[in-house]
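Trainee: Sequence:
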Amino acid sequence: MLLDRIIGLRKQKKWSIQYTADQLGIAKSTYAGYESGYRRPSLEAIKSIADLFDTSVDYLIGRVDDPTFCPEGKEIELTRLSRQKLTVDGQPLSEEEIQQLIAFIRAKREIAGNGNAGDD
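Quick note: the sequence shown, position 68, residue 68 per the UniProt record's numbering, numbers continuous.
Just so you know, these hints were derived from the structure itself, not from any lab.
One or more hints might be untrue.
As a list, the in silico EDC-like pairs of lysine to aspartate or glutamate whose alpha-carbon atoms are at most 16 Å apart [as the list claims (entries may be wrong)]: (1) LYS11 - ASP54; (2) LYS14 - GLU35; (3) LYS11 - GLU35; (4) LYS13 - ASP54; (5) LYS13 - ASP51; (6) LYS14 - ASP54; (7) LYS47 - ASP58.
Using C-beta positions, here's what the derived DEER-type ranges look like [as the list claims (entries may be wrong)]: (8) PRO92 - ASP22: 27 to 33 Å; (9) THR87 - LYS14: 19 to 25 Å; (10) ARG106 - MET1: 36 to 42 Å; (11) ASP22 - SER42: 15 to 21 Å; (12) THR87 - ALA107: 19 to 25 Å; (13) ARG109 - GLY37: 43 to 49 Å.
Glycine included, each C-beta is placed from N, C-alpha and C at the ideal position.
Please model the entire structure based on the sequences and the hints provided.
Mentor: Okay, structure coming up:
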């Protein structure tokens, strides 16, 4: 399960094995071993892979089938969402609509005096 999921997520992002390994701070041979099944990643490595691919450990190990699954209590950063992950009335938002939503929230905060406008 883990192999298929990390291969799929990497290919979806169109990343090479080398680039992915570099992002994780590990050797290419180590990451290639994860994808081939020759090596089993540690729990810490699985957590790092989940963070890199913006998914959950639960998705990587097959406990949930939704790669966008977010456990209760975990923050979701709106500025990092792709349009496939955010919908309104069952229709995905375009990149422009997401940017407009973010701009609206920042403007509203600025007007209210929150001081968080423009923070990423």
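Trainee: 19 to 25 Å was suggested as the range; check whether the CB atoms of THR87 and LYS14 agree with it.
Mentor: At roughly 23 Å between Cβ atoms, LYS14 and THR87 fall inside 19 to 25 Å, so the hint holds.
Trainee: Sort out whether ASP51 lies within 16 Å of LYS13, counting only the CA atoms.
Mentor: holds, 14 Å
Trainee: Quick one: are ASP22 and SER42 within 15 to 21 Å, going by C-beta?
Mentor: holds, 18 Å
Trainee: Measure nothing beyond the straight line between the CA atoms of LYS11 and GLU35; if it is 16 Å or shorter, mark the hint as holding.
Mentor: holds, 12 Å
Trainee: Does the Cβ-Cβ separation between ARG106 and MET1 fall within 36 to 42 Å?
Mentor: holds, 40 Å
Trainee: Check whether the Cα positions of LYS11 and ASP54 lie no farther apart than 16 Å.
Mentor: OK: LYS11 and ASP54 at ~14 Å, within 16 Å.
Trainee: When you check the alpha-carbon spacing of LYS13 and ASP54, does it fall within 16 Å?
Mentor: Distance ~11 Å between LYS13 and ASP54 Cα, so the pair holds.
Trainee: Do the Cβ positions of PRO92 and ASP22 conform to the proposed distance bound of 27 to 33 Å?
Mentor: Taking Cβ atoms as reference, PRO92 and ASP22 lie about 31 Å apart, which means the hint holds.
Trainee: I want to verify a distance hint. Is the separation of the beta carbons of THR87 and ALA107 within 19 to 25 Å?
Mentor: holds, 23 Å
Trainee: Decide if the proposed pair is consistent with the structure: LYS14 and GLU35, CA atoms, cutoff 16 Å inclusive.
Mentor: holds, 15 Å
Trainee: Could you grab the alpha-carbon distance between LYS47 and ASP58 and see if it respects the 16 Å cut-off?
Mentor: Holds: LYS47 and ASP58 sit about 10 Å apart, inside 16 Å.
Trainee: Between the beta carbons of ARG109 and GLY37, is the distance compatible with 43 to 49 Å?
Mentor: holds, 48 Å
Consistency note: the structure conflicts with none of the earlier hints.
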